[in-house]
Structure formats: C-alpha cells, structure tokens
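Could you slot chain V onto chain C? The hints should help.
Number of protein chains: 2
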Amino acid sequence: MNVKNNEAVRVTPLGGVGEIGKNMMVLEYDDRMLIIDSGVAFPEDDQLGIDLVIPEFDYVLKNQEKIDGIVVTHGHQDHIGAIPYLLEHISVPVYGPKFALGLLEGQLKEHNLMEKSTLKVVSAGKSVQIGQFTVDFIRVNHSISDTCALAVHTPLGPVVYASDFKFDHTPVDDEKADLQKLAELGSGHPGVLALFSDSTNVEREGYTGSEKDIQESLERIFSGADGRIILATFSSNIHRIQQVVDAAVRHNKKLAIDGRSMENSFETAKKLGYLDAPENLIIDVRDCSNYPDEKVAILTTGSQGEPMAALTRMARGDHYHINVKDSDRIIISASAIPGNEKFIGETINQLYRRGAEVLYEEIADVHVSGHASQEELKLMLNLTDPKYFVPTHGEYRHLYQHAQLAQEAGMPEENTYIADIGDVIEFSRDEVRKIDEVQGGDVLVDGLGIGDVGNIVLRDRQTLSEAGIIIVVLTIDQNGTLLSGPDIITRGFVYIRESEELIEEATKRVEDALKDCEKEGITEWSVLKKTVKDSLKNYIFNKIKRKPMILPIIMQV
Amino acid sequence: MNVKNNEAVRVTPLGGVGEIGKNMMVLEYDDRMLIIDSGVAFPEDDQLGIDLVIPEFDYVLKNQEKIDGIVVTHGHQDHIGAIPYLLEHISVPVYGPKFALGLLEGQLKEHNLMEKSTLKVVSAGKSVQIGQFTVDFIRVNHSISDTCALAVHTPLGPVVYASDFKFDHTPVDDEKADLQKLAELGSGHPGVLALFSDSTNVEREGYTGSEKDIQESLERIFSGADGRIILATFSSNIHRIQQVVDAAVRHNKKLAIDGRSMENSFETAKKLGYLDAPENLIIDVRDCSNYPDEKVAILTTGSQGEPMAALTRMARGDHYHINVKDSDRIIISASAIPGNEKFIGETINQLYRRGAEVLYEEIADVHVSGHASQEELKLMLNLTDPKYFVPTHGEYRHLYQHAQLAQEAGMPEENTYIADIGDVIEFSRDEVRKIDEVQGGDVLVDGLGIGDVGNIVLRDRQTLSEAGIIIVVLTIDQNGTLLSGPDIITRGFVYIRESEELIEEATKRVEDALKDCEKEGITEWSVLKKTVKDSLKNYIFNKIKRKPMILPIIMQV
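Quick mapping for you: the protein sequence lines, in order, are chains C and V. Going by my numbering, the first sequence opens with residue 14, and the numbers climb by one from there. Going by my numbering, the second sequence opens with residue 14, and the numbers climb by one from there.
So here's chain C without its partners, still in its complex pose (with noise of 0.2 Å):
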C-alpha cells in the first residue's frame, strides 16, 4: 500500500457483485470505515438444505474498531438481511430511512438484539455526520418505500452509491428521485470521484415502466371482476399494495391481508406513513365469507410459489380460510426471481384447475420492474458525471455489460472497475485500482447454525441426494471372525420390496469379501472398512449404475 490513507478512498465490497443479492461493501478514509448495507443471498441449488446466505464478515470483525456506522439504504432483504448476525459481533449506529429501519426492528427483535441496537433514522434530502463521513440520503424510486442513494463525502469528492434504483417520473407516492442532487453532485466541486450503480437490468434497452402504469391494470382487472379478487405480491412493495387498496376502495370493496409477512408490511407500513388505508376497508381473512365475493379482494403472499405462503395453499386447496372457485380472478403481479419459474408455474396450473381467471406477467400488464433499464443507467451516470465507475448488482455478465454500456457514454474504460467480492479498490486522483485481497465469500445459514455447514457437508448432501445411503453393519471379533451381519439398511437407495435380490447378493458380495480378509489375516478396521465399501461400491454401480453412499459399520466385541 503505497497510497497514503488519507489521500485515497478504499471501497471493498463484501457481496453483491458477481452475484444476485447479500449486498454489502465497506468504505474506508483515513484509517475510518463505514458499512453500506449488509444483506443475505438466497442459497444456490446446490447449497443443499442451506436457510440463508450471509456475507463473510471476517474483514470487518479485524476492523471493528475503525468502523463509524452501517448506512442502510432500502429495507430489503437483500440489503438489510444480514445486519442482525453483524450486530451480534460488533456494536454500531444503524443509519437509514424510516421503513428500512422499521422492518430491520422487526429483525432485530426476533434475533433479541433490539435493546444494544441503535437505530438512527434519516430522512431523504438530509446529511448525517457519522465520525468524519459525511453522508447525504438521496431520494431514488424503487419497489419498496423510501429507498436512497447515498453520497459519502470525502475530500477527494463524493462517492455515490446508487443502491437499487429506477428513475419514476411518476412514482405512486409523489416522492419523485432527487435528480437534481445527483446533478449537484455531479457539477460539484470535487466533482463525484466513484458511482457504483445498479447491474441487475442491464438487459433491458429503454426505460423501465413507471409503478402507475400498474393502475390502469387494476382499474381494469377490478372492473371487469363478478366475484372476489386475490391479488399476490412482494410484501414489501408498498407502492403495489397502496394501488390495491385504491383499487378496493375506488371500487367499494373490503380487503383482508392474508399471509404473515403481508400483514407484517402492512402494519410497519401503516404505522409508519408509508400506507394510506381506511380503516373500515380491512377485513379479517376469516370474515370474507360474510361478504358478497364481489365485495371482496384478498391480499395475500405467495407471488413467488412459496411452499407455505397463503397463495400456494390456496392453490394447494389447503387454505384454513379461502377455497379458491371459478368465478375469482387471481391476479400475480410480481416476476419469478430466478430459480423460482416453476414453483411459480405449478401454484398457476393448480389455480386454473380450480377454475379461477389467473392473470400473471406472461398474459397481462400486472408487473413493473424496481430496477434501471439501460437508458435510466446512462441517465445516472451523466447526472453524476464521476471519474471512476463501478457496476455493482449484478452476476459478472450484468456487471461486464453495464461497464460496456458506462464506457459508450464515455467512461474511459481504465476508470471502469469490476469487483470481485473481496477486492480492496482504491481510488486515488490519479487511478483506480486493487491494492489488495480481504476473505469474503458466502457464510451459510441452516436452522441457527451459522457457518457450520461448508463444502463436505454440502457434498455430502449432493450424493445423498442422488443416490441415497446404503449402511453395512457388522460385528467381528478380536480375530475378524464375523459374528454377526452383514446387515444392509438403505435409505434414499431403492425400493427394498422391489429389490430384494439385490441386497442380498449385494450382501454376498461383503461377505465374499470379508472371507477373503479373513483368510488373508487382515483385521485392521480401516482395511476391513475400505474393503467392505468397495466391493459394495464396485458391486452396486455395475449392477444399476448408481453411487449412493457406502457407509460401513464395523464393531469389534
């Protein structure tokens, strides 16, 4: 490092780059740090029974002591999930908007660390101080309320960080994106020394559609209805579920708020200003069969196909309260996160075969996007006009296209900088570079386990997985004399009734094998065990070419 602390900035991401979700990186002036963010991933297909992702917070545990606070821009998941497993280790301030911090206090709470937390809620279009950092919240448009952009000042000017973002010109709430903030930083002087901006639709040419192109849709989905609506979405998109509740009451219908994250939102939302609903609107989901069905909309979570949420046990028919039936209109109107297309598929094909009219994404205007398509991107990056670019939010080929796309609207591509997690980037007046490496990667979450789950376990999980177990117990005394088994217990393997004659020549072969052992006067367990597993391995793959697990049991009496 030969770059004097205090004559560059240091940005090192922890997540949220060549990846979806788990967003986090670490800023550092001057030997002080600020965390921006701190979100959880969901698992891969391959991260067998994993519950959570979190990021690998070992950079930040060494640096404890240098660090200010955590700024916190929006209240997803994926920004703020991850927040109470740090706050079990370190003790900092929590700045944020006020329903990002509403919905980490509901967090915090289930984790009983809201009384050692401190929560301090800013508000967009002001500053906060934290230790030497500066910190400007800057309204922006996404599908969940009060997202900011973030301008951290440092002497070698701002760096922005964009968060999640679109640009609205029509938001549903009227809280329209602080263009002229961004513009003012961009014509600052220092002018804006790094942006780091939102990958996740690079995809997209054009303009993402404004959250009030949304309501043309209801106005017609709620007028065309005879019987009940059921409408599912995110539960934190705030913006969708005032336009329902506009929707019902522009069309003299109650709504019951079904599912427990949908009426957790609800509340928080309520309680907090970001929802406006009459209170004789909200029925309880037990009472909807006391009304007309044309008097009714319901809504509810399961948008995204998930085993348990309400929607899916409609779907499923075992709903403690709503039986789906022929004259109800279902409306879906969220898009499948990747990975969940056919959970999603399947909660669509059950509600048809209950006669409801289904409309989701595929068939009819019931979704818009919280993220920049390509024009509102380039947009960012000339309002900001910065020296030094970042794409961030993205897997590698979002964040490789949004530095094309940066670099036709004129960033020089040695300014253009793709991160790996990990990466220590600093940028000084003259470049942008990596100056070192920190651990990072993804720490696994299963049950209340926290990192205790890693590669053999999960590949331990693949092959029971695929091929089951098959158990080899046997006793052999001090002489490796058998005295009893071999006995075969599978499990995940096959049916035993179906292949009978298949464990018991398998068991033959162990035993042929165990024979041969003994005549060769081998009685080393270790020995013993791979020879078992062996000739069981070797025996099973030739016969129905499968490899489940061999695990031999040997005791010694």
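To be clear, the hints were calculated from the coordinates, so they are not data collected in a lab.
Cβ-to-Cβ under 8 Å is the rule here; a few derived chain V residues that face chain C:
#, residue
1, L61
2, I361
3, N362
4, E375
5, V470
6, S478
7, T488
8, F506
9, L564
Below are the DSBU-like pairs computed for lysine-lysine, each with C-alpha atoms no more than 30 Å apart in a straight line:
#, chain 1, residue 1, chain 2, residue 2
10, C, K543, V, K542
11, C, K560, V, K122
12, V, K532, V, K542
13, C, K355, V, K355
14, C, K338, C, K308
15, V, K338, C, K391
16, C, K550, V, K542
17, V, K122, C, K558
To give an idea of the chain C side of the interface with chain V (calculated C-beta under 10 Å), a few residues:
#, residue
18, I361
19, E479
20, I566
All C-beta atoms, glycine included, are put in the ideal place defined by N, C-alpha and C.
Okay, now just chain V, sitting in the frame of chain C:
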C-alpha cells in the same frame, strides 16, 4: 361404456398433458390401437437423483395384442425417447419420418434392441396403412428437421395430431408446412373429428419468427468477428446447424464440431441427407489451433449449461482442446428450458470472465422458437376446422389458455376437452367425454433402474439432502444393558469439528434415554429405537432447528 367400439374413437394420453414432456397417446377404434409418440421428460426438482421420466406403460402392456404400431412425428427426445423402454416389452413396428427413425436407431442400438425392432420410414406427404388405420404424414415446421403432423383416418373422420409445430413460411430447407393437406382435411367429408394441438407457446401473441430470421443475425455475427466463433445450440436443430454451416462457408471459415451429441446428430443428418456441408469445411476440434483464429468456427453442445457439455467445459476452463480467449465471439443460440436458467447464466458469467464476447437470447437475436404462437394456433384450428379440440403439449395453464383461444376462434366449449394423463376420451358423433380412466403417470429411471425409485425413496432423499443423516450405533445385551456405544456418526449434517459439543451433548441425551428404559425394564427393540430417535430428534431440533434423518442401529449380543 355404452357406445359401441366402432361408433366412437377413443384417445388416451399417457403423457404430455398437464406437463411438458413425455408425449404419448393411444388411439383406439373398433378394438384396435395405435400408439402416437412415446417420449421422455426431464425430472422435476423434487425427483432427486432421477435421470429420466418415462410414461407409465401399464395400459399399453395390458392391451398389447390390440396394438398395430407406434407412429412417431419427429425425433425430439420428448417424442421418441421412451420407445426403447416400450420395445423392451412389446413388439410392434415403428413408423415415422426418416430423420426421427435415424435418431431412434441410435438409441435402440444403445439398448441392444435394434435387431428385434422394425422401423418403417414414411415420408411427409405420404400415407401408410397400419392395420385398419390409414395414417397421413403431413409436413409441418419445427426446430428439428422432418417433423410431421398426423391424420389418422377413421369412419368418424380423421383425427389430426398436430405434433410440435409452427408455420414457417420461409423455412431453411424450403420444406414448407403442407397447408393444402391440412385445408383439404378441414373441408373433407367427413370433416376432421378431433384436433390435438401444441400448447407450448400459447402465452405468446402473434407469430413465431422464421428460422431464416437467424440468418441475418449470423451474417452480422460472422462479419464482425476478428477471432473464433463458438456457437452452441441444440444438437437436433439441423436447420440452425445448416445456417451455421452456410455462414462458415460464406465467410471462408473452417468448422469444428464439438460434443458427442452434436457429432452424432451432425453425422446422422448428413448421412440421411438433411444437412449439406462441404467435405473440406469440417476440421477436428483438436486441430483448431492449426488455423488462424479468424478462420475457425466451432459448433458445440452446452446451450443449456449442462455440466459435462463442451461449452460448459470451455467456460469452466477444463476443455481439453479449447481455451476461451478474449478475441472469441460466443453465441448461445437457444432459449432456456425452464429450470436451466441458472446453469446457462453461470456459463455466460464464466465465459465473460475469460474475456470473450457472449451473445445470447436476452441481448441478441440469436434464437427463434420452434413452437407456434397464438396466431398460428388459430390458423391450425381454422385450417383443419375440427369438430372437437384437445390441447396437448403443455402444463395445465397452457392447455386451459389454448382451450380459451380455440373458443375465441369459434370452437364450442362443450367440444373442447382438457385432458389429464390416463383419461380415456371418447369422441362420438354427438359428444366428447371421458368414459374411463386408466393408470398413467411417471415412471422414474435412475441409472439402470426403472421404476424402483418411488415416493418413499424420494422423500428420504429430500430429507437427506436438507439436513443429512445421524446414525446412532449401540450394543445391548439381552437385558437391555448397554455394552457399547451409543456412537454417533453423521453425514451431511454438520462439520463435526465445529460441533463437538453438540454431538457430545446429543450422545448424553441418548444415554439418558436408554438409562430410563433400563430402569423401566424396557427391552423391546422397537421401543428402544423410538426412544433413541425421539430423544435425539427433539434435542437436535431445539438446539439448531434442523431435521436430519435419524437412524438408530441397535445390536443385541
């Protein structure tokens, strides 16, 4: 069954309705039967470890003496892949287009069934007599060469099975769909009794693009390339391959064929006259480095991100002969089969990381679908003008929407039938109705085992995949006194080194539970086992909220 066998036609789908894949139908008239297609499906996410899914053949096997033949429409796996499994049980001739039978031949050889099989080629535009049935083979367009719709003539009128199709007015091989024949059937006496039509793309408005649209893209891609061109597509898409061949010839490049299925398909297509490639065009993939990069194009497998396919190996950096470099232009000329999105995304990320330029469906016009969109589906309906309509090739939502589309185009609702697998659908002069239900469903193929993996095995694999297994081994004497153990062995559960305390405490719980049993004089195995299992299950769940499989192994000596 109150309609005489010769006064109605019966059709029983054994796959391909309410699902994508394993298309198969049995058509029956006057006690004779014809099988139409017999394909495989890919396993669902919850069918862990399964390689393939084939239709339940029970109904066919029970009626095998009535079957006059198998008719196939085209050579895709979801239409022919289960035929080898069927021919292991029954011996009937297979009729089909030359290319489909060419591909089938390869598979029958692998199953050692070629000698006892009879394959009879029928050209598009021709008819064949199979027992009492006259079957017309009618040219349609699709993403594999030589696809035919079928008209099976019966005294009540022809039954038209549209197969997978689109109407391509500018096909690459100049083999246009036989609109005249379809129209002739539609205007005949008796008119078409029933139409079975492809619902895959029913969600798409308008017309599906022509395969020739790709030519323009390929021209642009080949023209602008300074280095190698690497193109991945489905190996059965001979029209696409022909266009790549043509582009390579036009641009004076050599073409290497990479990946086993691509080589096989290329060879078969060439041999059977479906592919026209000059001899001096093709080079061995090992020889690519002998030519300047700008003279090399590579046609490869891996368009779905399949782990072992050639392009995936290149992306991962473990291909034997091809190292991807930044002058390479790589084209993924395919769309994702649902469920493969993440694999393809990962391949693209890795290729970008190697510096290559990557073009794929989301950002470039490099693929068109092989299935009809809404306007073509209506055209098929109006050309054939059937009395009854059965949507096929789709999940329930597709079938439902296709039925609605047909009704918009004038088909009476009561003449539309949305089928489930196993429905015996009877078409008489007066009505279409379900008269019976036969056994049908998924038979799982896992390695060489067919049908030996069922729900219990899959549920075990699911449990094992989510939290692994804990095995408790102990030895007791006749009085239930513990002689050795309990020893706890885990796989796929936790890192033992990180969780020594947990395992120690768990062992103690088991010991305590056993002591309680001993005190109470309990020596029954089943009770002991349940006690061990429950004590461990409760402890583990309370402690870390996981539910591993728990398997007590109690040896009595």
